[in-house]
Every structure is written in structure tokens, then in C-alpha cells.
Amino acid sequence: MSLSLLFQSVLSGLTNGFVYGLVGLGLASIFRGTRIINAMQGDFALIGGITAVLLLERFGWPMAPAFAAAVAVGGIAGWLMEVLLIRPLRRRGGSEDSYLLLTLGVAFAVSALVLYTVGRDSHSLPGLGGEGIVVIGDAAIRTHALWLIAISLAAMGALRLFFAKTALGLSMMAAALDADGALTTGINVPLMRTLTFVLGGLVGGLAGVLVGPLVTVYFDMGLLLTLKGFAAAILGGLANPMGAIVGGVTLGLLESLAIVTVSSGYKDVIAMAILIVIMIAMPNGLLGRRLRKGG
Amino acid sequence: MPPLRRALVWGIPLLVWAALPFVATRHIVDLLVFAGLYTIAGLGVAFLLGQCGIVSLAQSVFYGIGAYCTAWFCAHKGLPSPVGAAAGIALSTAIAALVGWPILRLSGHFLALATLALGIIGQVLFLEWDWLTGGTLGIGGIPRIAPFGFAFDTPLRFYFLVWPIALLLLVLHHNLLHSRNGLALRAMRDSPEAAAVLGLDIHRLKVQMFVLSAALGSAAGSLFAHYVTFVSVDSFAVDRAISFLLLAVLGGVYTVWGPVLGALFITVLPQWLSRLGDIHAFVFAAALIAAVILLPEGFGGAIRNWWRARAPK
Numbered sequence: 001m002s003l004s005l006l007f008q009s010v011l012s013g014l015t016n017g018f019v020y021g022l023v024g025l026g027l028a029s030i031f032r033g034t035r036i037i038n039a040m041q042g043d044f045a046l047i048g049g050i051t052a053v054l055l056l057e058r059f060g061w062p063m064a065p066a067f068a069a070a071v072a073v074g075g076i077a078g079w080l081m082e083v084l085l086i087r088p089l090r091r092r093g094g095s096e097d098s099y100l101l102l103t104l105g106v107a108f109a110v111s112a113l114v115l116y117t118v119g120r121d122s123h124s125l126p127g128l129g130g131e132g133i134v135v136i137g138d139a140a141i142r143t144h145a146l147w148l149i150a151i152s153l154a155a156m157g158a159l160r161l162f163f164a165k166t167a168l169g170l171s172m173m174a175a176a177l178d179a180d181g182a183l184t185t186g187i188n189v190p191l192m193r194t195l196t197f198v199l200g201g202l203v204g205g206l207a208g209v210l211v212g213p214l215v216t217v218y219f220d221m222g223l224l225l226t227l228k229g230f231a232a233a234i235l236g237g238l239a240n241p242m243g244a245i246v247g248g249v250t251l252g253l254l255e256s257l258a259i260v261t262v263s264s265g266y267k268d269v270i271a272m273a274i275l276i277v278i279m280i281a282m283p284n285g286l287l288g289r290r291l292r293k294g295g
Numbered sequence: 001m002p003p004l005r006r007a008l009v010w011g012i013p014l015l016v017w018a019a020l021p022f023v024a025t026r027h028i029v030d031l032l033v034f035a036g037l038y039t040i041a042g043l044g045v046a047f048l049l050g051q052c053g054i055v056s057l058a059q060s061v062f063y064g065i066g067a068y069c070t071a072w073f074c075a076h077k078g079l080p081s082p083v084g085a086a087a088g089i090a091l092s093t094a095i096a097a098l099v100g101w102p103i104l105r106l107s108g109h110f111l112a113l114a115t116l117a118l119g120i121i122g123q124v125l126f127l128e129w130d131w132l133t134g135g136t137l138g139i140g141g142i143p144r145i146a147p148f149g150f151a152f153d154t155p156l157r158f159y160f161l162v163w164p165i166a167l168l169l170l171v172l173h174h175n176l177l178h179s180r181n182g183l184a185l186r187a188m189r190d191s192p193e194a195a196a197v198l199g200l201d202i203h204r205l206k207v208q209m210f211v212l213s214a215a216l217g218s219a220a221g222s223l224f225a226h227y228v229t230f231v232s233v234d235s236f237a238v239d240r241a242i243s244f245l246l247l248a249v250l251g252g253v254y255t256v257w258g259p260v261l262g263a264l265f266i267t268v269l270p271q272w273l274s275r276l277g278d279i280h281a282f283v284f285a286a287a288l289i290a291a292v293i294l295l296p297e298g299f300g301g302a303i304r305n306w307w308r309a310r311a312p313k
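Sequence order for the protein chains is A and B.
Every letter in the first sequence is one number past the one before it in this note's numbering, and letter 182, counting from 1, is 182.
Every letter in the second sequence is one number past the one before it in this note's numbering, and letter 52, counting from 1, is 52.
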């Protein structure tokens with residue numbers, strides 16, 4: 001195996017890793033705010049991606065407003081989901097597993113709705129920075145991938161600041177950690193839960209427009225993205241949204257190394273086997289307890 | 001319950017069950033056979049969830065192992081069907097014990113993800129080991145089950161093979177729940193600390209139940225292979241494991257016959273809805289969402305609660 005091949009695979013693993021990390025970031029944020037594993041986080045990306053495709057192709061919007069609108073639609077989807085489905089289930093006293101099933105059902109519904117309205121074709125989104133390529137040493141990386149990495153890191157930093165510094169973010173954390181206590185201090189707990197889903201939807205929609213140019217957008221993309229995002233979030237430590245990016249990058253690198261050293265067919269086997277081992281050996285994720293904050 | 005009413009409560013469903021395949025179309029009977037197969041595999045998932053609180057998304061792996069063992073031993077080697085089924089169960093239980101031992105130390109979402117990871121590993125290996133499984137081309141020419149020259153070769157005949165097996169397993173499951181082990185399981189689910197203090201080896205019990213669940217999955221897989229006579233990777237992907245989990249939860253994991261209702265829901269409803277055209281997948285998903293929100297204990301739990309509420313009157 002040549003060194004440049006290895007370097008190239010590290011670059012592509014890094015790119016995939018940030019995609020998983022971005023999905024995991026949304027998943028972990030929602031988990032932290034509501035203790036719900038959102039099995040349709042990947043479908044937020046599908047919603048965002050397909051909105052961008054429709055706005056660009058059918059309505060001829062320019063790229064920037066189309067992408068911004070797609071992210072916003074992801075947030076609206078999160079809001080609708082919490083108000084229309086999660087809240088009634090909470091009122092009826094749903095168990096931990098029932099939320100998982102509910103969100104899984106929503107994932108099927110979103111996928112089926114996209115299949116019905118848009119069809120089974122795959123759609124490709126234009127990349128940020130066009131189809132340009134940056135050459136690093138012997139290897140090449142798409143300009144879009146660099147944008148993806150930069151935006152993911154920015155989103156991670158912004159979320160971190162939001163939860164640690166702003167009144168709204170602190171209120172959301174308080175509502176998640178101790179709902180009764182937060183209520184007595186005048187925090188609108190149901191609103192905070194709704195906002196958590198809006199936030200998760202926004203991050204999911206962002207993942208959608210960033211993933212679209214790399215892998216195509218199609219009706220069945222959600223579940224696999226959710227799985228990889230879930231793995232990323234668990235690797236990083238589920239309670240620590242920032243860990244999701246670290247976990248995602250780890251997963252992406254492991255996968256790409258598996259491709260060059262073993263065979264592309266076994267990449268999921270190796271990634272999943274390592275995931276199981278890490279969960280047993282390091283139950284708090286790669287970042288461990290030291291960096292965990294706020295539950 | 002007075003004897004006459006008891007007879008009616010048990011007799012009428014049995015009569016309906018026996019008469020149904022003779023009045024239904026061949027297509028519906030075919031779906032009912034699948035519902036029977038799914039009941040067996042889903043039962044394993046349901047009692048893991050209901051009795052041990054384990055979310056298993058690995059049942060598709062054991063379902064696949066059962067089917068491939070039957071395909072390999074009966075189609076390639078020409079051995080009789082019990083050999084294939086027994087080999088499948090032996091291999092499944094061995095793998096379940098080996099993998100379950102470390103994994104069942106995990107709990108909650110971690111355990112769910114670990115079983116999902118197993119499901120994905122199984123799906124990939126079934127595809128990559130094509131020298132063994134035939135990959136996407138699959139293995140065909142699996143013989144029918146034909147004891148004493150009577151072949152179970154039509155949906156109608158297979159209906160009367162799979163459902164008695166499924167019903168027998170449900171009865172055995174009912175007995176297990178009311179045995180010493182069943183009580184231990186319930187203690188373990190409701191209060192792990194108290195169960196540990198009582199000297200129950202919780203981890204060992206969990207592994208035993210996981211192994212038992214794998215055996216059910218494998219048996220269902222073997223029957224499936226004999227019924228369709230052709231197996232390929234598509235039947236053992238992770239979405240099959242998701243269907244098994246869905247049927248268990250929809251049917252209700254705290255009632256013995258919940259998996260039957262869940263299996264009927266996920267096999268018959270999508271086919272019945274398909275007359276609506278392309279929108280049917282969405283309608284099915286919406287029905288699923290409504291069932292999760294409105295019936296937290298599944299169909300089985302809802303019917304039981306309704307029955308108990310009206311019984312004293």
C-alpha cells in the first residue's frame with residue numbers, strides 16, 4: 001500500500017467522519033435536552049437535502065437562500081414533530097422504548113412521503129465552492145469537503161457557546177436536567193423541549209445540505225445516516241454533544257482504514273465491531289468522564 | 001369464568017383460525033403463513049424486551065443463520081430437514097452465547113446499539129461470504145418439509161404446519177413466564193438490585209434468555225427457507241430485525257399472544273394498504289405512529305385492559 005493511497009483514504013475518512021459527526025451532534029443535542037433517542041435524525045437531513053434540491057431544481061432559487069431555507073425547513077420539521085407527536089406521547093406517559101419506536105415510525109413516514117412526492121431518483125446538490133479540488137501533497141480533497149469540516153466545527157463551537165453562555169441555552173439545559181426545579185424558577189419547560197427539537201432539526205437540515213453534494217439525496221438515505229450518527233454520538237459519549245464530532249471522525253477514519261487494509265465490503269463489519277468493543281471497554285465514550293458536562 | 005364462556009372464549013378463535021385458510025384467497029393464506037413465521041421470531045424479541053428489558057435488533061442474524069443452515073444442509077447436502085433446523089439452532093445458540101456474554105453487560109441504549117451493530121455485521125457477512133450463502137444470488141432448490149411423503153408445499157398446507165408450531169411455542173412461553181425462572185426474570189426486570197441480593201445471577205439469566213431468543217429466530221428462519229425454497233441476503237437485512245422489534249412492541253410485550261397480533265399487523269396491513277397505490281407506505285407508517293401514541297401497551301395490552309374493564313359487569 002502506497003503512502004499517498006493511505007493519505008487519500010484518511011482524507012475521505014475525515015470527510016465522512018464529519019458527516020457522521022454532524023448527524024450525531026443533532027442526535028446528542030436532542031438526547032441531552034429530552035432523553036429521547038431520535039431515530040429520525042438522518043431524516044431531518046433528508047428533509048433539508050430534498051428541500052434544497054426542490055428549491056434549486058424546480059423553483060430556480062439561487063444557492064445561498066435555497067440552502068438557508070433548507071436548514072430552516074429542518075428546524076420547522078423538528079418543531080412540528082415535537083408539538084404534534086412527542087408531546088401527545090409524553091402526555092400519555094410514553095416509555096423510553098416508545099419514543100424510539102415513535103421516531104422510527106416518523107423516519108418511515110418521512111421516507112415514504114419523499115418517495116411519494118419526489119420519487120425514487122437520487123438527486124445531487126452542488127457543492128459549496130463548486131466542484132473545485134484542493135491538492136494536499138499527493139492527495140486531493142474537494143473544496144466542499146473543507147467547507148463541510150469548517151462548518152461542522154463552527155456548528156459544534158456555536159452549540160457549545162449556546163449551551164454554556166446564553167440564557168436560552170442554560171434554560172434548555174436546566175429544563176433537561178431537572179424539569180420540576182426549572183419550572184419553579186419560571187422556565188417554560190415544554191417550550192424548552194420544543195426548542196430542543198427545533199435545534200436538532202436545524203442541525204439535521206444543515207447536515208442534509210452539506211451531505212447532499214457528497215452522497216446523493218434520495219428517499220432511503222435517512223436510516224443509514226441515523227445509524228452512523230448514533231454510533232458517532234455513542235463513541236463520543238452520548239451526553240456530550242461535542243463528543244459526537246470526535247466520535248464521527250474516529251468512525252470515519254476507522255472505516256476508511258478498513259477499506260484500504262482489508263476490503264471495502266468489510267468496512268461496516270470493522271466499524272461495528274470496534275464500536276461494540278469501545279462501548280464495553282469505554283462506556284463513557286472516547287472523551288470519557290473528564291469532559292462531560294451537564295449530565 | 002363459567003365453563004360455557006371459557007369454551008366460547010377459546011373455541012371461537014380456534015374455529016376461526018381453522019376455517020380461515022379455507023375461505024381466504026391463496027394470497028391471504030400466504031400472508032398468514034408469513035405472520036406465523038414472524039410470530040415465532042418476534043416472540044423471541046418480545047420476551048427479551050418484556051421480561052428482560054433488552055431491545056434486540058439482532059434477530060435477523062439468527063433468522064438468517066437458521067435459513068442458511070437449512071439451505072446448506074438440505075439443498076446442498078441433501079440431508080433431511082430436522083438436520084438443517086438443528087444445525088441452525090446449534091450454531092445460533094452458540095453464537096448468541098459467545099457474543100451475548102460480553103454484550104449483555106451493557107444496558108439501555110448501549111445494548112440496543114450493540115445488537116444493532118450485530119445485525120449490521122450479520123447483514124454484511126451474509127453478503128460477503130457468498131461462497132457460503134450465495135450472496136445476492138442466494139441459494140435455491142431447498143426441498144419442502146415432507147414427513148412420510150406428505151409435502152407441505154402449498155400455503156394452505158404450510159399454514160397448518162407453522163401455526164401449530166407457533167401456538168405451541170406461545171403456550172411454552174406462557175409456562176416459562178409462570179415457572180421459577182419466569183418469576184426470577186420478572187424480579188430481575190422490576191428490581192435488579194433485589195434480584196441480585198436474592199442470589200440470582202442476573203447476567204447468566206440474561207444470556208440464557210438471549211440464547212433462547214436466538215433459537216426461536218433460527219427455527220423461524222429454517223421454516224422460512226423450507227416455505228419459500230429460496231433464500232438470499234435481502235431477507236436477512238437489518239430492516240427485518242426492525243420489523244421483528246416493531247411487531248413485538250406493536251403487539252405488546254406483556255401479553256403472551258401480543259406477537260401474533262403484531263405479526264398480523266406488519267404482514268397483512270401493508271399488503272392490504274397496497275391497493276391505495278404509492279401512498280400506502282406512508283399510510284402504514286402513519287398507522288404505526290398512531291399505534292405507538294395511542295396504545296402504549298400494544299394491541300395485546302389494549303385488548304387485555306378492555307377485557308378486564310368490562311369483566312366484572
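Please note: incorrect hints may appear among the correct ones.
Here are the simulated lysine to any residue pairs, SDA-like style, with alpha carbons at most 20 angstroms apart [what the hints assert, rightly or not]:
1) A:K165 <-> A:W147
2) A:K267 <-> A:L14
3) B:K77 <-> B:D234
4) A:K267 <-> B:V228
5) A:K165 <-> B:A94
6) A:K267 <-> A:L214
7) A:K165 <-> A:A239
8) A:K267 <-> A:L5
9) A:K267 <-> B:K77
10) B:K77 <-> B:G138
11) A:K267 <-> B:D234
12) B:K77 <-> B:V124
13) A:K165 <-> B:G138
14) B:K77 <-> B:W129
15) B:K77 <-> B:A237
16) A:K267 <-> A:V10
17) A:K267 <-> B:E128
18) A:K267 <-> B:V124
19) B:K77 <-> B:L137
20) A:K267 <-> B:A237
21) A:K165 <-> A:I149
22) A:K165 <-> A:V134
23) A:K165 <-> A:L214
24) A:K267 <-> B:T229
25) A:K165 <-> A:G186
Rather than coming from a laboratory, the hints here were simulated on the basis of the structure.
Please read these numbers as outputs of a predicted model, since none were measured by experiment.
Against the structure, the hints come out as follows:
1. A:K165 <-> A:W147: This hinted pair is violated, its Cα atoms lying about 26 angstroms apart.
2. A:K267 <-> A:L14: holds, 15 angstroms
3. B:K77 <-> B:D234: Between K77 (chain B) and D234 (chain B) the Cα gap is close to 23 angstroms, so the pair fails against 20 angstroms, i.e. violated.
4. A:K267 <-> B:V228: Between K267 (chain A) and V228 (chain B) the Cα gap is close to 31 angstroms, so the pair fails against 20 angstroms, i.e. violated.
5. A:K165 <-> B:A94: violated, 53 angstroms
6. A:K267 <-> A:L214: holds, 18 angstroms
7. A:K165 <-> A:A239: holds, 18 angstroms
8. A:K267 <-> A:L5: Holds, at about 17 angstroms.
9. A:K267 <-> B:K77: Answer violated: K267 (chain A) to K77 (chain B) is near 32 angstroms, above 20 angstroms.
10. B:K77 <-> B:G138: holds, 16 angstroms
11. A:K267 <-> B:D234: The given pair, whose Cα atoms are some 19 angstroms apart, holds under the 20 angstroms limit.
12. B:K77 <-> B:V124: The given pair, whose Cα atoms are some 25 angstroms apart, is violated under the 20 angstroms limit.
13. A:K165 <-> B:G138: Cα-Cα ~57 angstroms, so violated.
14. B:K77 <-> B:W129: holds, 18 angstroms
15. B:K77 <-> B:A237: violated, 26 angstroms
16. A:K267 <-> A:V10: holds, 14 angstroms
17. A:K267 <-> B:E128: Roughly 11 angstroms between the alpha carbons, so the hint for K267 (chain A) and E128 (chain B) holds.
18. A:K267 <-> B:V124: holds, 9 angstroms
19. B:K77 <-> B:L137: Roughly 19 angstroms between the alpha carbons, so the hint for K77 (chain B) and L137 (chain B) holds.
20. A:K267 <-> B:A237: holds, 16 angstroms
21. A:K165 <-> A:I149: Roughly 24 angstroms separates the two Cα atoms, so the pair is violated.
22. A:K165 <-> A:V134: Cα-Cα ~36 angstroms, so violated.
23. A:K165 <-> A:L214: Distance of about 34 angstroms is beyond 20 angstroms: violated.
24. A:K267 <-> B:T229: Given that 20 angstroms is the threshold and the Cα spacing comes to 31 angstroms, the pair is violated.
25. A:K165 <-> A:G186: holds, 19 angstroms
Hint compliance for this structure: hints 1, 3, 4, 5, 9, 12, 13, 15, 21, 22, 23, 24 are broken, all remaining hints hold.
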